[in-house]
Structure formats: C-alpha cells, structure tokens
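Residue numbers (the working numbering), protein chains in the order written: chain A, 1 to 408; chain B, 1 to 408.
In case anyone wonders, no lab produced these hints; they're calculated from the structure.
Ideal Cβ positions, reconstructed from N, Cα and C, are used throughout, including at glycine.
Accuracy of the hints is not assured; some may be wrong.
One-sided and incomplete, this derived list gives chain B residues near chain A with beta-carbon spacing under 10 Å [claimed, not checked]:
#	residue
1	Pro-61
2	Ser-71
3	Ala-82
4	Gly-354
Pairwise CB distance ranges (calculated) [stated by the list, open to error]:
#	chain 1	residue 1	chain 2	residue 2	range
5	A	Glu-244	B	Glu-17	53 to 61 Å
6	B	Glu-234	A	Lys-221	29 to 37 Å
7	A	Ala-187	B	Leu-51	53 to 61 Å
8	B	Ser-374	A	Asp-142	48 to 56 Å
9	B	Arg-112	A	Glu-91	41 to 49 Å
10	B	Leu-51	A	Arg-150	29 to 37 Å
11	B	Lys-387	A	Glu-91	48 to 56 Å
12	B	Met-110	A	Asp-119	24 to 32 Å
13	A	Arg-316	B	Ala-24	29 to 37 Å
14	A	Arg-150	B	Asp-105	55 to 63 Å
15	A	Asp-119	B	Asp-105	52 to 60 Å
16	B	Glu-234	A	Glu-315	44 to 52 Å
Far from chain B, by Cβ distances over 10 Å, these chain A residues were calculated [said to hold, decoys possible]:
#	residue
17	Ile-57
18	Ser-58
19	Leu-83
Number of protein chains: 2
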Amino acid sequence: MATIVQKFGGTSVGTPERIQRVAARAVRAHRAGNRVVVVVSAMSGETNRLLSLAGQISQAPHHREIDVLVSSGEQVSIGLVALACCELGVEARSFLGSQVRITTDDAHGMARIRDIDADSVVAALDRGEIVVVAGFQGVNEDGQITTLGRGGSDLSAVAMAAALKADVCEIYTDVDGIYTTDPRVVADARKIDRITFHEMLELASLGAKVLQTRSVEFAMKYEVPLHVRSSFDESEGSWVVPEEEGMEGAVVTGVAFDRNTAKLTVLGVPDVPGTVADLLFPLGEAGINVDVIIQNTAIDGRTDVTFTVSQTEMERAVALAQVVANRLGASGIVADAHVAKVSVVGAGMRSEAGVAVAMFRHLGQANVNIQLISTSEIKISCIIDEKFTELAVRVLHEAFRLHEAPAA
Amino acid sequence: MATIVQKFGGTSVGTPERIQRVAARAVRAHRAGNRVVVVVSAMSGETNRLLSLAGQISQAPHHREIDVLVSSGEQVSIGLVALACCELGVEARSFLGSQVRITTDDAHGMARIRDIDADSVVAALDRGEIVVVAGFQGVNEDGQITTLGRGGSDLSAVAMAAALKADVCEIYTDVDGIYTTDPRVVADARKIDRITFHEMLELASLGAKVLQTRSVEFAMKYEVPLHVRSSFDESEGSWVVPEEEGMEGAVVTGVAFDRNTAKLTVLGVPDVPGTVADLLFPLGEAGINVDVIIQNTAIDGRTDVTFTVSQTEMERAVALAQVVANRLGASGIVADAHVAKVSVVGAGMRSEAGVAVAMFRHLGQANVNIQLISTSEIKISCIIDEKFTELAVRVLHEAFRLHEAPAA
C-alpha cells in the first residue's frame with residue numbers, strides 16, 4: 001500500500017467544479033488502494049482578495065495578523081475538498097497546519113518548517129480516510145499561525161511527504177511537466193521525463209516557475225520523489241529524483257532564463273580585504289538577494305565590483321550600496337535594469353568539459369554579448385542585454401539539441 | 001481598570017471602513033484605561049458565500065467540514081480588526097476559538113461551550129494589548145473546529161465576559177437598544193433603559209431579534225451585565241442586568257410577537273397517560289421545537305391536543321405527528337400556518353394580578369380572537385390569527401402605556 005501526497009495549487013481548486021475534479025482524483029487514488037494525502041492552496045484570487053482588504057485598512061500591515069488573515073484561504077479549500085471527497089463516498093478529514101501539526105519558526109510571512117508531528121494524520125490514514133491538509137501554513141511554538149511564503153504549498157506537500165515517508169509527492173499544475181525551456185519561447189521545447197534534484201534546483205532558482213526552490217531542496221534532503229504533472233489529465237509528467245546511474249545521458253538538461261534581473265557596478269572601490277563584504281552586507285540585511293558577483297582585477301589599488309539583483313529591488317539596492325560606496329570613497333555606481341540571465345543546466349556537465357566554451361561560442365555567433373558569467377558544478381549563467389533573451393534561449397536550446405530525446 | 005468585552009456582528013464589520021470604525025471604538029476604550037476584548041462575527045454575506053460554495057459541492061454536507069469552512073469567515077474578521085487596531089497605534093492580537101481556548105462539545109454546527117481557558121487572553125491583556133476574538137467558533141476535545149450555531153457570536157462574547165469576569169459585555173448592533181416592541185410596528189415604541197435577564201430571556205425567545213436566547217441565559221447564569229447599543233454612535237443603549245430592588249416599576253416591560261408560528265391540532269386522541277409525550281417525542285427527535293401545548297378536557301375518553309411549531313417546520317411536524325396519530329387511532333390532524341404569537345413580558349407581573357385579564361379584555365375590545373393562551377411567571381402569550389398581529393401589538397402597547405417612561 002503506497003502513500004501518495006497530491007498537491008493542488010490555487011487554479012486547480014479555483015471553482016467548485018475544479019474542487020470536485022481534485023476530489024475525484026484523490027478518491028480514485030484511494031480506491032486504487034493507496035493512502036492519500038491532499039495538500040491544497042487557497043482558491044485562485046482568494047489570497048489577493050484578502051490582501052486587498054488588508055491594504056484598505058493598513059499601509060504597513062502587521063505580519064502576524066496578515067498570516068491569520070491569509071491562512072483563512074486554505075481553510076476554505078480544505079473544507080471544500082473534504083466535503084467533495086465525502087460526497088463521493090470516501091470519508092475525508094481536513095487538517096489545518098496547526099492541526100497536523102506543522103511547527104515553524106516565528107518568521108511570519110516566510111516561516112521555515114521546523115518539525116511535523118503527523119501522528120493525527122497517520123491515525124486518519126489508518127482509519128482509511130483521505131487526509132486534506134492546508135498548504136502554505138504552519139504554527140509557531142506559541143500557537144500563532146504562520147505562513148511559509150511564496151510557493152509555500154509545494155513546501156507543505158513535500159514536507160508532509162517526507163514526514164509520512166510517502167512513496168511520491170505529486171505536484172499538480174497547469175502544465176504537464178518540466179520542459180527543457182519555456183515552450184512559449186521555444187516551440188519545440190521538450191518535456192523532461194526524469195531530472196535530478198540538483199538540476200531541478202538550479203532550474204528553479206534560475207527562473208523556471210514550475211517548482212519553488214525551497215521545496216526542491218527539501219525534497220532532495222529527504223529524498224522525496226516528486227512527480228510534476230497536469231491537473232487536467234492522467235498523463236505522466238516529469239519525475240524529479242535522486243541522481244542515479246544510467247539516467248538520461250544529456251550533458252545539458254535545460255535552458256532557463258530570468259528577465260527580472262538588474263546589474264549594478266560600483267566603480268573605483270579600494271582594493272582592500274573585506275570591501276565586497278562591506279558593500280553587500282546592508283543589502284543582505286535588507287533582504288535583497290544578490291546573485292552573480294564579479295570583481296575586476298585591481299588597477300592602481302582600485303577595482304570595480306559588479307553584482308546582480310532582481311529588477312524589482314534595484315532601486316533599493318542602489319540606495320543602500322550608495323551609502324557604503326560613499327563611505328568607502330568609491331567613485332560611483334552604474335545601474336542597468338535591462339539585463340537578463342540565461343543559463344544552461346545539466347548534471348552531465350560535471351564530467352563533460354567544453355559546455356561553457358560551446359555556450360559562449362554559440363551566443364557569440366548570434367551576436368549576443370556576454371556581460372557577466374557565473375558557473376556552478378552543473379550550470380553556467382550569462383548576464384546579457386535583456387532584449388536578446390529569447391534569441392539566446394532559442395540558440396542554446398537548438399545548439400544543445402534539447403528538442404531531441406536523450407540517448408538511453 | 002475595567003474589563004470590557006465588545007461584540008460586533010457581521011454588518012458592523014461588513015466593509016474595511018466599518019472595520020476601521022470598530023477598531024477606533026476599541027482603541028478609544030483602551031486609551032480610556034480599560035482592558036478591551038473585541039469579539040467579531042464574519043463580514044456580512046461571507047458565511048452565506050461559503051455555504052453557497054459548499055452547496056455547489058455537496059447536497060448533504062458533512063457538519064465537521066462545514067464548520068472548518070465557515071469558521072474561516074471570523075478568521076478574516078479578527079485579522080482585519082487586529083490590523084486596524086495596530087494601524088491606530090495600539091498593539092492588538094487576534095485569537096481563534098481554538099487559540100483562546102473555547103472548548104465545546106462535539107455537536108458541529110450547534111456546539112455548546114463547555115469551558116474557556118482564557119489564560120493566553122489574560123496574558124495579552126496584561127501586556128496592554130487589545131484582544132480580538134473570533135466569535136461563533138470553538139474547538140472540541142480532539143482539536144476539531146466547532147461552531148456554536150445561529151447568533152453564536154453573542155454567546156462567544158458573553159462567555160468571554162464570564163470567563164474574564166468582565167465588568168460589561170457590550171453588544172453592538174444596528175439599533176440603539178431594546179425597545180418595548182418593534183418600532184416598525186408601533187411608532188412610539190420606547191427604548192428600555194434597564195431590563196432584567198428574565199424579561200430579556202422571555203423577549204428573546206418570543207421573537208425579539210436583538211439578542212439570542214442562549215447568550216442571555218449564559219449572561220444570566222454568570223451575571224454578566226449586557227449593554228445593547230448602537231454601533232453607529234456613542235449613545236447609551238439598553239442594559240440587561242440581574243433583578244434588583246428599585247428597578248423600573250413597570251408591570252409590563254415589552255410586547256413581543258412572532259409571525260413564524262403555526263398551529264397543529266390532533267383530534268380525537270385517546271385520553272390515556274403518556275399520549276401527549278408519544279405524540280411530541282418524534283418532533284423533539286427531529287429537532288422541531290414545540291412551543292405552546294394545550295390539551296382540551298376529555299369527552300368520552302378522547303381529547304384534542306393542540307401545539308405550535310415554527311411555520312417553517314410545519315410540514316415536517318405534520319408528517320411526523322401523522323404517523324403517531326395513526327398509531328394512536330386519533331381521528332385527524334388540522335394545521336394552520338396563519339397564526340401568530342403575541343406576548344406581554346414584565347417582571348412586575350409576579351406581584352401584580354390582573355395583567356392577563358387586562359390583556360384578554362383589550363384584545364377582545366379590538367375584536368381579536370384568542371385561540372390559545374400560554375403563561376409563565378413573567379409573560380403571557382396569546383396565539384391569534386396572523387392578520388391581527390400588528391393590531392394586537394399596537395393595542396397592547398397602548399393599553400399598558402409602554403410609550404411612557406416608567407415611574408422612577
């Protein structure tokens with residue numbers, strides 16, 4: 001008897017009819033002899049509706065009370081999904097994050113899961129019930145409701161799967177799997193059958209929207225196999241699994257891109273130890289994620305430091321960096337919001353030299369100038385002019401022959 | 001330092017602006033040096049919206065999951081009210097029923113409060129915070145969410161006031177107090193300054209809509225003074241208090257009426273002990289409330305039994321009574337949906353004979369025929385033809401001079 005966690009996002013539970021479809025799928029899995037846990041988000045639009053009410057009342061909302069407010073959205077979903085399962089003749093029981101119980105730290109709005117005590121869930125499964133869990137929410141040590149931040153329902157599902165040692169965590173979505181790149185950019189983008197956690201992690205953090213980075217990390221840590229699949233049909237989706245012998249032999253698995261990138265260069269920074277840390281410390285304090293960081297060779301004891309942040313945080317980053325730059329006696333800051341990051345990802349790169357060279361050559365042949373480069377074991381990212389994003393993605397997808405199924 | 005519980009219904013928190021008004025009132029009371037607990041219902045329309053979603057999914061909804069669903073409504077309200085208080089500069093903290101904690105029995109949809117452990121609320125008040133509690137909801141011993149049924153938020157407020165030994169429980173409403181009768185029927189109906197729990201209890205159960213019967217019972221039991229007042233202004237409302245010397249000297253305090261009344265007569269019932277119990281038992285089992293019950297003098301070993309139920313339950317009551325009537329060999333059932341109950345209520349009746357006679361005489365002079373009579377220590381009810389309801393109320397209001405303030 002397998003244990004299956006099924007996660008459905010807001011669109012999949014957006015109307016009563018869709019909720020009935022979700023319930024039908026859970027009931028099918030239950031009748032096929034599985035122990036079934038369904039994790040759901042708030043109905044699409046609901047979280048925004050609630051935040052809009054809060055926005056009409058408070059300009060600087062209190063995070064603790066915002067969590068109380070928005071977590072009501074998943075409460076509605078679990079009640080309705082459980083009702084729909086019961087209506088199909090299978091006893092179902094809903095669980096709030098506080099009832100499971102999913103314990104988190106105190107960081108309201110972006111809490112981290114500390115522990116899951118799933119005993120009551122196990123008891124319900126033992127009784128033959130379908131369990132319906134509210135995604136996105138937990139409870140801190142004091143019993144206050146917390147929420148897990150963007151994409152938190154994925155994380156709830158993976159964490160439930162880990163706690164229950166589930167055989168699979170199925171992530172239902174409006175696409176039918178993970179693609180070699182965005183099919184809206186490259187028409188012959190191919191669905192990937194199997195991908196490793198490491199690759200998925202890179203793709204997720206590089207801008208692929210299907211899975212949230214933290215949930216992939218969590219799945220990797222606890223070795224929870226993920227199955228990303230369509231909520232509209234029964235077709236196989238993409239499996240995200242631990243790395244193993246004999247997997248897809250491709251050197252490059254996918255091409256990711258992120259237009260929400262901005263580049264800052266601090267000019268004429270004194271080349272003494274600790275300067276870059278001084279420069280970036282206030283950004284980290286302010287919660288601004290700094291991505292690619294490059295430091296030029298120093299000339300006459302001065303150097304240029306370039307880094308990227310998300311476009312939406314560029315203004316704040318410039319303001320914060322300016323304060324430090326002034327203090328350090330740097331000569332100025334240049335910011336460019338019109339850049340993008342294009343990356344190739346593949347576990348096979350580890351053993352295959354030449355991928356970086358191939359990437360740079362193909363971009364060069366297409367007259368795409370590379371502004372910054374950043375590499376890891378299994379990915380290479382280039383910062384380029386934003387207007388060449390789609391061109392670069394198409395060129396690389398074609399160059400690495402990602403439209404073709406990899407050799408077995 | 002006084003402890004004040006303020007209860008606001010769905011209309012009072014129906015929009016962000018109204019929520020800001022609720023918060024402003026709580027903050028004023030807090031700044032005046034009081035310990036303030038706010039109890040709120042779901043925003044008006046929200047509970048119906050949620051039930052409508054459930055209705056689209058399930059025809060015979062599961063009570064436990066319905067409670068999970070609808071209790072999200074108050075969760076939204078407490079989050080927003082707490083945010084609004086914080087925005088006005090006073091730290092406020094929301095509490096769900098499960099967080100307070102308000103423990104109930106297992107009767108989902110109409111649970112009864114068993115216990116309130118208000119330690120965490122007291123701790124928050126001690127820290128100088130405004131406490132915002134979700135009305136209408138509790139939690140059973142297993143940690144499942146329960147709801148208290150119709151008007152449950154009043155009950156939550158009174159129960160919180162009792163648990164905290166509050167100085168007053170203020171019930172905010174869209175009228176400015178309790179009236180001698182419905183002002184829509186009698187233009188010179190007068191606002192009552194002080195009324196006893198017993199009188200209020202009779203009025204509430206006789207059809208006055210301002211307070212729910214169970215909450216008045218609870219307030220009486222724990223001697224929680226209630227102050228029913230307008231959410232739109234600062235005027236004094238009506239106080240509901242324990243009986244005491246020197247209270248308003250009126251014999252009759254108010255006139256109540258209930259058009260939602262139907263009369264059933266079972267004809268030719270064998271006059272043997274236990275017959276009426278046999279007849280009414282299945283109605284009680286089905287949750288149908290039987291109000292006035294009259295049994296005629298028996299003739300030839302047979303009698304007629306007449307009783308009233310709410311109009312909305314008449315058909316079910318007839319069907320259930322018919323089964324027993326057949327078994328008992330009764331000769332038939334006559335039902336009349338077009339009756340109403342008109343009642344006069346007053347604690348002074350205890351010591352004042354002649355109120356009943358005066359009531360009957362005034363109705364008779366107005367040509368209103370009395371079909372059934374039911375009395376208690378402090379009220380007299382008459383069942384009359386529904387079309388005479390307003391006439392009867394006006395005649396009695398005038399006859400007992402309720403438009404005049406009672407002698408001090």
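Against the structure, the hints come out as follows:
1. Pro-61: This hint holds: Pro-61 (chain B) lies near chain A, its Cβ roughly 6 Å from the closest one there, short of 10 Å.
2. Ser-71: OK, holds: Ser-71 (chain B) within 10 Å of chain A, min 7 Å.
3. Ala-82: Hint holds; Ala-82 (chain B) Cβ to chain A Cβ min 4 Å, cut 10 Å.
4. Gly-354: For Gly-354 (chain B), the interface hint is violated, since the closest Cβ of chain A sits about 56 Å away, which is over 10 Å.
5. A:Glu-244 <-> B:Glu-17: 53 to 61 Å: Hint holds: Cβ distance 60 Å, inside 53 to 61 Å.
6. B:Glu-234 <-> A:Lys-221: 29 to 37 Å: violated, 59 Å
7. A:Ala-187 <-> B:Leu-51: 53 to 61 Å: violated, 46 Å
8. B:Ser-374 <-> A:Asp-142: 48 to 56 Å: Hint holds: Cβ distance 53 Å, inside 48 to 56 Å.
9. B:Arg-112 <-> A:Glu-91: 41 to 49 Å: violated, 25 Å
10. B:Leu-51 <-> A:Arg-150: 29 to 37 Å: This hint holds: roughly 31 Å between Cβ atoms.
11. B:Lys-387 <-> A:Glu-91: 48 to 56 Å: holds, 50 Å
12. B:Met-110 <-> A:Asp-119: 24 to 32 Å: holds, 29 Å
13. A:Arg-316 <-> B:Ala-24: 29 to 37 Å: holds, 33 Å
14. A:Arg-150 <-> B:Asp-105: 55 to 63 Å: Violated, since Arg-150 (chain A) and Asp-105 (chain B) (Cβ atoms, about 40 Å apart) do not stay within the stated range.
15. A:Asp-119 <-> B:Asp-105: 52 to 60 Å: violated, 24 Å
16. B:Glu-234 <-> A:Glu-315: 44 to 52 Å: Hint holds: Cβ distance 46 Å, inside 44 to 52 Å.
17. Ile-57: violated, 5 Å
18. Ser-58: The claim breaks: Ser-58 (chain A) does not keep its Cβ more than 10 Å from every Cβ of chain B (closest is about 4 Å).
19. Leu-83: violated, 5 Å
Consistency note: the structure conflicts with the earlier hints numbered 4, 6, 7, 9, 14, 15, 17, 18, 19.
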